[in-house]
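*Asks:* Residue numbers (the numbering used here), protein chains in the order written: chain A, -10 to 191; chain B, 107 to 247.
Hint data in this document are derived by calculation from the structure and do not stem from the laboratory.
All figures in this text were calculated on a predicted structure; none of them were measured in a lab.
Honestly, I wouldn't trust all of these hints.
Stated by the list, open to error - Pairwise CB distance ranges, derived in the manner of DEER restraints: (1) Ser166/B with His164/A: 36 to 42 Å; (2) Gln94/A with Ser159/B: 49 to 55 Å; (3) Glu185/B with Gly73/A: 57 to 63 Å; (4) Ser192/B with Asn174/A: 32 to 38 Å; (5) Gly205/B with Arg173/A: 36 to 42 Å; (6) Gln191/B with Ser15/A: 42 to 48 Å; (7) Phe132/A with Ser159/B: 36 to 42 Å; (8) Leu136/A with His175/B: 22 to 28 Å; (9) His164/A with Gly205/B: 34 to 40 Å; (10) Lys172/A with Glu185/B: 36 to 42 Å; (11) Lys131/A with Arg136/B: 22 to 28 Å; (12) Pro175/A with Ser192/B: 37 to 43 Å.
We put the beta carbon where it would ideally sit given N, CA and C, even for glycine.
Residues per chain, in single letters:
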Amino acid sequence: MNKILLAIYLIFFPGASLLAQFSMDSLYKRPHVTIDGQQVDALSLLLLDQAQIATLEVVSPENEVGVGREDLEFGTVEVTLKDGAKLLNLPELLKLYQLKATVAQLPVVVAFGFSSDKLFPKDQQILAFSERKVRSVVIERKFGQLLPQFSVTKRQDYHNDSKTPIGLQLDSLNHLFQEEARKRNPADTGVTFGRKETNLEY
Amino acid sequence: MKKLLTLVVFLGACVHLMAQETTAYFLNGREIAPASIYFLNPTDIDSVKVYVSQLSGDSSIIAYTGKEHKILTYDEVLEHFFIKQSAISLPVNTTYYSGVEDPENLVFSIDMISSVQITTDNLEEKRGFLDTDLVLLGTVF
Chain A
-10 MNKILLAIYL IFFPGASLLA QFSMDSLYKR PHVTIDGQQV DALSLLLLDQ AQIATLEVVS
50 PENEVGVGRE DLEFGTVEVT LKDGAKLLNL PELLKLYQLK ATVAQLPVVV AFGFSSDKLF
110 PKDQQILAFS ERKVRSVVIE RKFGQLLPQF SVTKRQDYHN DSKTPIGLQL DSLNHLFQEE
170 ARKRNPADTG VTFGRKETNL EY
Chain B
107 MKKLLTLVVF LGACVHLMAQ ETTAYFLNGR EIAPASIYFL NPTDIDSVKV YVSQLSGDSS
167 IIAYTGKEHK ILTYDEVLEH FFIKQSAISL PVNTTYYSGV EDPENLVFSI DMISSVQITT
227 DNLEEKRGFL DTDLVLLGTV F
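Bound conformation, chain A alone (with noise of 0.2 Å):
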């Protein structure tokens, strides 16, 4: 039984997520992202190593020349790679990480920093990564639990981190996902530390 129900949850499941997450909510300012031309998701950024990309460019919405596009309304991000720089898409993650194709039907949740910091992407099958962000995959399956769980953990590299400029956009884009995140996961909210006034969150 439990059998069945796994098989229509793992058929069904990718467009009922999306329904129920990305009907375009009010903390939804995701930017449409392109590397090499190429449409990915938005949540790839969190994922890209700095070293990889030779050109980050980002489009301000005011700026926008597309039309009729819901996305192009938080701005562009054109991201060009450097020669020779490869991306992994989800099965070859899948792949390198030695799970079984079938976990490509399973949510994506992208997690990058505290126990708040996860996202769903938009669209998983356009999700793309840098096998160095990369720290782990998990499986989450808890006794009871019918559902399974696939999460995707950012290496954070606090101190291997270049400031260069490309990083520092890199940084000042994460930290849109970051703000999204604690929104729609308000249980785990962060510490601040400080004086009030800085609003510096870490």
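Fit chain B to the given chain A structure using the hints.
*Replies:* Only chain B this time, still in chain A's reference frame:
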């Protein structure tokens, strides 16, 4: 009451005998990895026998489960968590026990394992980048 007594004897014997020279663990007649004791739900254990050699100090703990309790082997856990069998060669750590030497002999109560992580964390210095570890995460009571 009988269950509770069995539980106390099992846990007490495990703790006491881990301090001995060598302790072998058996479940339903099969030798299991010592790390398995952290993944076995004591309520699944029906009976326990403890043998201690007077000469060497070596000991054995032999436990039996009832037929109604589902105990998973390591292969079955990989299957349950959608992991390819090729991952069986990865080094294994658990939340309670690092560096499991004989993961193929691990056994699990199904309700005692909540997630499996495949990680490349902090391994660059040790074994070259993108070697992976498999971490079995248990349920914390």
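*Asks:* Is the gap between the beta carbons of Gly205/B and Arg173/A within 36 to 42 Å?
*Replies:* 38 Å, holds
*Asks:* Take the C-beta atom of Leu136/A and the C-beta atom of His175/B, compute their distance, and say whether it sits inside 22 to 28 Å.
*Replies:* 24 Å, holds
*Asks:* I want to verify a distance hint. Is the separation of the beta carbons of Ser166/B and His164/A within 36 to 42 Å?
*Replies:* At 57 Å between Cβs, range violated.
*Asks:* Go ahead and decide if the range 49 to 55 Å is satisfied by the Cβ distance of Gln94/A to Ser159/B.
*Replies:* 53 Å, holds
*Asks:* Given the hint of 36 to 42 Å, check if Phe132/A and Ser159/B actually sit that far apart at their C-beta atoms.
*Replies:* At roughly 37 Å between Cβ atoms, Ser159/B and Phe132/A fall inside 36 to 42 Å, so the hint holds.
*Asks:* For the range 22 to 28 Å, tell me whether the beta carbons of Lys131/A and Arg136/B fit it or not.
*Replies:* 27 Å, holds
*Asks:* Taking the beta carbons of Pro175/A and Ser192/B, is their distance inside 37 to 43 Å?
*Replies:* 40 Å, holds
*Asks:* Measuring from beta carbon to beta carbon, are Gln191/B and Ser15/A in 42 to 48 Å?
*Replies:* Since Gln191/B and Ser15/A have Cβ atoms about 46 Å apart, the given range 42 to 48 Å holds.
*Asks:* Do the beta carbons of His164/A and Gly205/B sit within 34 to 40 Å of each other?
*Replies:* With a Cβ separation near 38 Å, His164/A and Gly205/B satisfy 34 to 40 Å, so the hint holds.
*Asks:* Could one say that the CB atoms of Lys172/A and Glu185/B fall in the range 36 to 42 Å?
*Replies:* 38 Å, holds
*Asks:* Looking only at beta-carbon atoms, does the pair Glu185/B, Gly73/A fall within the given range of 57 to 63 Å?
*Replies:* 38 Å, violated
*Asks:* Tell me if the beta carbons of Ser192/B and Asn174/A are separated by a distance inside 32 to 38 Å.
*Replies:* Because 34 Å falls inside the window, the suggested range holds.
The structure shown violates the earlier hints numbered 1 and 3.
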